[in-house]
Each structure stands twice: as C-alpha cells, then as structure tokens.
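**Student:** Given chain A, put chain B in place with the hints provided.
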Amino acid sequence: MTSLNTKINIAGVEMKNPVMTASGTFGSGKEYSEFVDLNQLGAVVVKGVANVPWKGNASPRTAETYGGMLNSVGLQNPGVDVFIKEDIPFLRKFDTKIIVNIAGRSVEDYCEVVETLGDADIDMIELNISCPNVKEGCVSFGTNAKTVEQVTKEVKKYAKQPLIVKLSPNVADIAEIARGAEAGGADAISLINTLLGMVIDIHKRQPVLANIMGGFSGPAIKPVAVRMVYQVAQAVSVPIIGMGGIATGEDAIEFMLAGATGVAVGTANFYNPRATMDVKEGIEAYMKKYNVKDINHIVGELSYI
Amino acid sequence: MNRWKNVKILSNKEIVPGMYELDILAPKMAQISEPGQFMNLYCKSESRLLPRPISICEINKEAETLKLIYAVVGKGTEEISQMREGETIKVMGPFGNGFKVGKEQDHIIIGGGVGTPPLLELVKHLKGKKRVYLGFRTNPILVEAFEKHGAEVHVATEDGSFGTKGNVMDILTKTEPQGDIVYSCGPKPMLKAVYNWAKEKNIPSQLSFEERMACGIGACLVCTCKIQREQEVDWENRRVCKDGPVFNGDEVIWDD
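Residue numbers (the numbering used here), protein chains in the order written: chain A, 2 to 306; chain B, 1245 to 1500.
Dumping the calculated PhoX-like pairs for lysine-lysine here, alpha-carbon to alpha-carbon at most 25 Å:
(1) Lys1257(B) / Lys1272(B)
(2) Lys86(A) / Lys1486(B)
(3) Lys8(A) / Lys161(A)
(4) Lys223(A) / Lys1319(B)
(5) Lys1272(B) / Lys31(A)
(6) Lys1334(B) / Lys1288(B)
No lab work stands behind these hints, which were simulated from the structure alone.
All of these numbers come straight from a predicted model, not from anything done at the bench.
Okay, chain A solo, but in the shape it has when bound (with noise of 0.2 Å):
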C-alpha cells in the first residue's frame, strides 16, 4: 500500500494535511474539541486578537441567508495577554500548528501585538486587514495596495514567526492588492475574508444586525472565493491558503486546483462541528481516487478546455 502525502509547507512551516480553520469561526479550539481531534488539523487559526481587550458590536450579530450567513461580530476578544495566557497552553497540548490572527485599529496597534507575540510559542502570524466590521483599521488598510504594502513592511519589522496576509475580497483588483502584500513582504497570502453584505427585516423595515451592515460567508460565496485565490495565485508566487464557503473535500480541492496550498474552513464549523474533519477525509478520499500521491501534485493544476 502507497502512502499519501498530505504533508505541505507555508513559508518554512511544515503542516500535516492542508486543513486549517478560518479565524474567527473556532475560537482557540476549545469550544471544538468534544467534536473534533485537534490533533488531525494542519493547524488552528485562532480568533483575532489585538494589543487590549475589544468589546465588539452590538447585537444582534447576525442573519442567515440563502446558503451563508452575516456576521457583525467585531473582531471582540480579550486582548493578548489572556491569548497568551489561556489558549496558548490549551492549543500546545495538541500536534498542530498554531497560526494567530491579529486586529488592529492602526500600524502601531497591530505592530504592538505582533511583539508581544515575538515570544510566544506559536508558528505563524496572519494579519487581518480585512475585516469589514470595524471602521478603524482593519479593512480600511486592505483595500488599497499601497497601504498594504506600507502596513505588511511596517508589521514584518516586528514579527519573529512568518507572516500571512490575510485579503478582503471588497475590492476592484484583488491580484493587485496581493502584489501589494508580496512587495511588503508577506511570507503568505490568505483570502478570502468576508464579504460585505446587507440584510433586511421587511417586517419591521429594518437592517437584521445592530451594525447595518455585515460579513458575508458560508457555502453561497465559494465561487467568488475560488476565482480570487485563482487571480492571486497568478498574480503572486508566496503560498496561498485558500477560504470562503469551504464545507466538503471537494470545495478544498477546488481551492488548492486554483492555487491554495492550503485551505480553511469557516462557517461551516458552526453547523457542522466536523467540518474540518469531512475536508480532511473528503481531500484522502480524491487523492485516492485521482492516484494522487502527494498533495502538493494538484495545487495550481489546472488544465483549460
């Protein structure tokens, strides 16, 4: 019997399969682990965190809709020291790697956590500047490239772990908003976080979420998702981890066709606690009836009718 090989690297950090989870959807996996074994995952991409504590939004916080939900969370978290304090230990416990999403209200927020975290036993660093929910900050960054650039090379000075660049897809070009990431010095390219998207209560004339407005994700979004990983992936040569309505190993290997070398899993974690274990077993399951050997074989293959 041929072994398979789900082994990848990004950037240096060598993971056991490609299964991720997308930040913001498994906490720091405690919630998960009476569902899940932490051990089977490539890694866990933790809950944002930033320099202090943040509240979040008001409530209600989200809607369903056709195939996806809003969210307008707000990146809350306790801040991170209690990260450091709580969840490290909790998730070093476990054979995965340990990627940290970081928030941010401006450079100096973001280059504060990232150096409070140069100590930290953790792998990698992904730097979100795309969350549509907080107005300072964040995706105000992502959508233009130069800023992307300047606060990618700003935020690299500081880290110690390999930085990701986490996208929004909220904007005109994202292969030029990647070249950005890539010039800054990006050591990986993540995408994609939410959409923004609107909800309305026709009953009460009303947005459904306290904040108007909200992000945008679940199984609905998956083709947007995989044509900006595919426009990336020709437009930047740093690994890609793909996101974005992933639910199934056939979404993931549809990503890694694209030109993810990796992929997270999102929304589907919270109707589907197993998520991340049916990608990972649906990922063997291609390999095996597509005699794929090693993992790494299918990213970027794509052939053109």
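**Tutor:** Showing chain B alone in chain A's frame:
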C-alpha cells in the same frame, strides 16, 4: 459524540396556532439535560445552514425523551413544524448554563410567550411555594402543566381572551407577590421590566435570554449580552449560548 446526532421524532404537533410541541427520543442527551438549557435543531434544507436553538420544556430521564416547544417564526421553524412522527431530526445539545436551583422556598416564576416552556422543567425541580405569572398575546400554553406541578398560575393575554387583559407586568404589579427569588424567561424588554420590579423588592433574579445564534457552542460570538460580573471593573459581551442563557439580573447591563 453524545451531544450531536439524529434522533427520532415521537410527536410534533401544533398546540396553539403557530406554536408546536416536539417530543424526541434522545438517549444520553436527556440524561445530561438540566432546566434552562437548550437544544439546537437542524433543518433538512441545505440552504438553511444554521441550527435553531430551542429551549427544553421537559426532560424525562427514564424514558430518555425531551419535550421542546417552539414558535414558527421563519422558514426554518416552519420546515421543522412539517416534520412528522417517526422521522429523524438532527439535533445538538444540551447546551448552555441553565437555572440554578437553591434552597429558596418561595418562588416567583415569570414567563412571556415562547419564553414560557423552559420554566416548566424548572418548576418540577423547585420545592415550596411556586407562583407562576404568564403573559401571552392571545393563546396561553402550559397553564395546566404548571398547575399539575403544584404551581399557582396567573395568566394575562394582550387581547383579554384568557385571564387578565394586559401583559405579565400588569398582573405582577396588581398582585405584588413576595418571594425569595424570581426566575424568568421571555423577550428582553419583559426581562428588563421583571428585573426592575424584582430589584425594587430586593428579590434576586435569574433571567433566561434569547438571542440570534449561529454555532450554539460558544465559538462564533454572535449571541452576546452585556454582562458585568462582581469584581469586574467593566462590562463584557458574554455569550448567551455558553455563558448564559441564564444570567443573574444584577449582572446584566440594561442599556438597550
């Protein structure tokens, strides 16, 4: 995976217009359920991804069954209302921090509409005097069930079709009961009124909140309520699904 599986529907029937009673055979889940907790119910339609959080009305550990009462408020609950006896439904739970039963002997229990069901299981666990105040738009539910468990029940309906015309606060302020503790579940404006009423009388309150949820297990942070615990310098957005749904009235920041 005791808390996530397909279970058998024993019955699913409309008890008053728009409100349904669902009985499920839920071994293991029933064993670990407590008053005030909730279950997540899944639709079969793939377009409706998220589970629907429904409070547990009654727990039967011997028969391993759970009774859930829900209102049809949208397409998801409408789909669930069409499910039939003998079918299976995917459920997850029980989740949440329920009501805490202490040594109090004189209980005031206040329910509003579809917030009434979880109070029934609670009443079964309370010893001593149990005064139940319920408010509905029109058709009351569970009145006899509360009485069966030794409670004195007062009912208000907004249209006056049953009991006193008005809302639950009207009958509460009219009768002005005294007690050691208030337990309540209902819409947030009602909980706020209940809290203020109880606070004036110096009666501690345990209040069960409802909020739009996604995961139900504490990961997504969408179902929050402003809570300030003792010895905390500032309030925090706590998770209704995991830290609640029951909070002490004194912990809640009532600014909205």
